[in-house]
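So the protein lines, in turn, are chains Y and F.
Counted from 1, the first sequence has number 15 at position 16 by numbering that gives the first Met the number 0; the numbering is strictly sequential.
Counted from 1, the second sequence has number 127 at position 128 by numbering that gives the first Met the number 0; the numbering is strictly sequential.
Worth flagging that the hints you see were computed from the coordinates, not collected in a lab.
Be a bit skeptical, because a hint or two may be false.
A few chain F residues that face chain Y, going by a derived Cβ cut-off under 10 angstroms, partial list only [to be verified]: (1) Pro175; (2) Lys176; (3) Gly186; (4) Ser191.
Listed next, the in silico BS3-like pairs over lysine-lysine satisfying Cα-Cα at most 30 angstroms (straight line) [to be verified]: (5) Y/Lys231 / Y/Lys131; (6) Y/Lys205 / Y/Lys257; (7) F/Lys188 / Y/Lys114; (8) Y/Lys88 / F/Lys176.
Some chain F residues well away from chain Y (every beta-carbon gap over 12 angstroms; in silico) [stated by the list, open to error]: (9) Glu42; (10) Glu67; (11) Leu250.
C-beta: ideal position from N, C-alpha, C; glycine also.
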Amino acid sequence: MELLDRRENVCEMHAESVFNDSSRFMFCIDKLCLCYGNNMIIENVSLNIPKNSVTSIIGPSGCGKTSFLCCLNRLTDLNESCCVTGEVKVGDENVYSSSVNLTEVRRKIGMLFQKPNLFPFSIWRNLELPLKHHGVRDKEVIRLKIQNVLQNVGLWEEVESRLHTPALSLSGGQQQRLCLARTLILEPEVILMDEPCSALDPMSTKKIEELIMELKGNYTIVIVTHNIAQAKRISDHVAFFWNHEGKGVLVEQGTADKIFNYPKHELTAAYVNSGA
Amino acid sequence: MTLSKNSTSYPSIADSVLKWLLVAVGGLSIVIMMLITVFIFTESISAFKIIDIERFFFDERWNPTAGEFYMLPMLVGSLLLMAGSIAIAVPLAVLVAVFNNFYAPKVLSVACRRLVEILAGIPSVVYGLWGLVTLVPMIIMIQSPGTSLLAGIIVLAIMIFPTITILIDSAIRSLPKHYIEASVAIGLKRWSTIISVVLPALRKSIFAGSILGAARAIGETMAVLMVCGNVVQLPDSVFEPMRALTSNIALEMAYAMELHRSSLFVSALLLLCIVFVMMFGKEMILRDKNHV
Ligand SMILES: Nc1ncnc2c1ncn2[C@@H]1O[C@H](COP(=O)(O)OP(=O)(O)OP(=O)(O)O)[C@@H](O)[C@H]1O
Ligand SMILES: [Mg+2]
Chain Y
0 MELLDRRENV CEMHAESVFN DSSRFMFCID KLCLCYGNNM IIENVSLNIP KNSVTSIIGP
60 SGCGKTSFLC CLNRLTDLNE SCCVTGEVKV GDENVYSSSV NLTEVRRKIG MLFQKPNLFP
120 FSIWRNLELP LKHHGVRDKE VIRLKIQNVL QNVGLWEEVE SRLHTPALSL SGGQQQRLCL
180 ARTLILEPEV ILMDEPCSAL DPMSTKKIEE LIMELKGNYT IVIVTHNIAQ AKRISDHVAF
240 FWNHEGKGVL VEQGTADKIF NYPKHELTAA YVNSGA
Chain F
0 MTLSKNSTSY PSIADSVLKW LLVAVGGLSI VIMMLITVFI FTESISAFKI IDIERFFFDE
60 RWNPTAGEFY MLPMLVGSLL LMAGSIAIAV PLAVLVAVFN NFYAPKVLSV ACRRLVEILA
120 GIPSVVYGLW GLVTLVPMII MIQSPGTSLL AGIIVLAIMI FPTITILIDS AIRSLPKHYI
180 EASVAIGLKR WSTIISVVLP ALRKSIFAGS ILGAARAIGE TMAVLMVCGN VVQLPDSVFE
240 PMRALTSNIA LEMAYAMELH RSSLFVSALL LLCIVFVMMF GKEMILRDKN HV
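Model the full structure from these sequences, guided by the hints.
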């Protein structure tokens, strides 16, 4: 009981600062709840995610981190039993309003999944497909963009000679970077990442982390991670979720420094120190 | 085989019994296949000895008792039936499978699946009967005589459509969900996801399903015999009657003797070759891993 009260305090404190300076934030999430059928999975999460920085979402397994991430680009639509209430504002637009242009929202908000999920086509086609779908038809433009984005994720040298071979023949780490390229090629403003390194070896993980550090000047990155050391390395802001009686709640959030060094909540303190 | 060798340190009796059972069954089916092929081949050999191969293609007409062996129209007819029915059935099957998986409410998709399964099990003679009493009169309203290439194509299309649908439907269902997630996450709507991701990802299954359907179509005898009119001619339009290779065998085998009989085996050999080439081609194309 006491735990929950404190959580609300923290959230309220935060909610006040929202109105001061909303242009600093990429996402303004207000009283977000998510249910699968009759099960409430996420309860009343209010959170603002600052622009051009890395926000980590940490918390134990099953506390709704993936589900939360899916609310941000409305991937929850894929599940018919999933119902979301509350507000997720990107800029001035509520992602859940019925008038929103979903194609555009999803261009603006890219997503990287836990496992590489390339299409079973060639490397080239994997990158060309999103471009074509978003109205880029000029062959030369497509070629330049593909080269550019592959260079950005450090894949160009590795795949230059085999752009037309199946993407699924790449290694796991390469596939994940190609997934990132597929997201970046649409020039998004936000990249959501759901444990992007959990299936990768330390070297590939390092590469992805380096990429995140490079990208964060120009993109807003929201990353779910189980790896507290990783969260410490890369994040500017942290949101800590907890499973309270089967419902995911936001316990505490703030700058990385605050959460890792001066956590206000004992759950947070216990969690961030468990991995150290 | 390598699995059982490496994963069990000692040979189990059940394992080796099962293994030999499988080898026996597999071997038996291969032997039977070969025997049939050899039999058809030897039966047709006397025809090849006496009749030049080009006569099957350039004789005046099909009249084996009078020494004329113009088989080309029936070969062409069979191929036309196959191509036509595939051209109708495959797109239809894709549509139904897509509808089942992406658009139909649960109840409807379950009902639809059951219905398609039932359709797949109906004997061909029933389809033929339906074609004869329902379809042919409808075609007569457009153009006589009704029994025609078109009737054959439609009946065959309806016959092979359920099988192809079942194959494509299960392929869609076994498609990893993350393809769809990925596609939606980069902004594709449902319809574009189906067109740009799901169907291209399934192209091999669709192709394999089409080949199986085609094999069934070219081998079908009874339904085709009932609705096609069985006139040996190269049809000028879909409304003209024609005769398929299979129907020809069924119609004439009962009274065929000597060369005539032998030439019927030639048509059987021809059918066998077509199916073999189709299956072989399918394997080749599906095996090509680099094909993207
Ligand atoms: N499609 C779904 N249908 C019903 N319940 C679901 C579905 N997806 C997730 N859940 C439930 O929602 C809860 C949160 O799941 P979620 O995947 O968001 O957790 P998570 O924090 O990402 O966990 P992990 O760290 O293990 O990935 C879980 O209890 C899970 O059982
Ligand atoms: Mg998760």
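Fill in: Violated hints - listed by number, lowest first
Of the numbered hints, just 5 does not hold.
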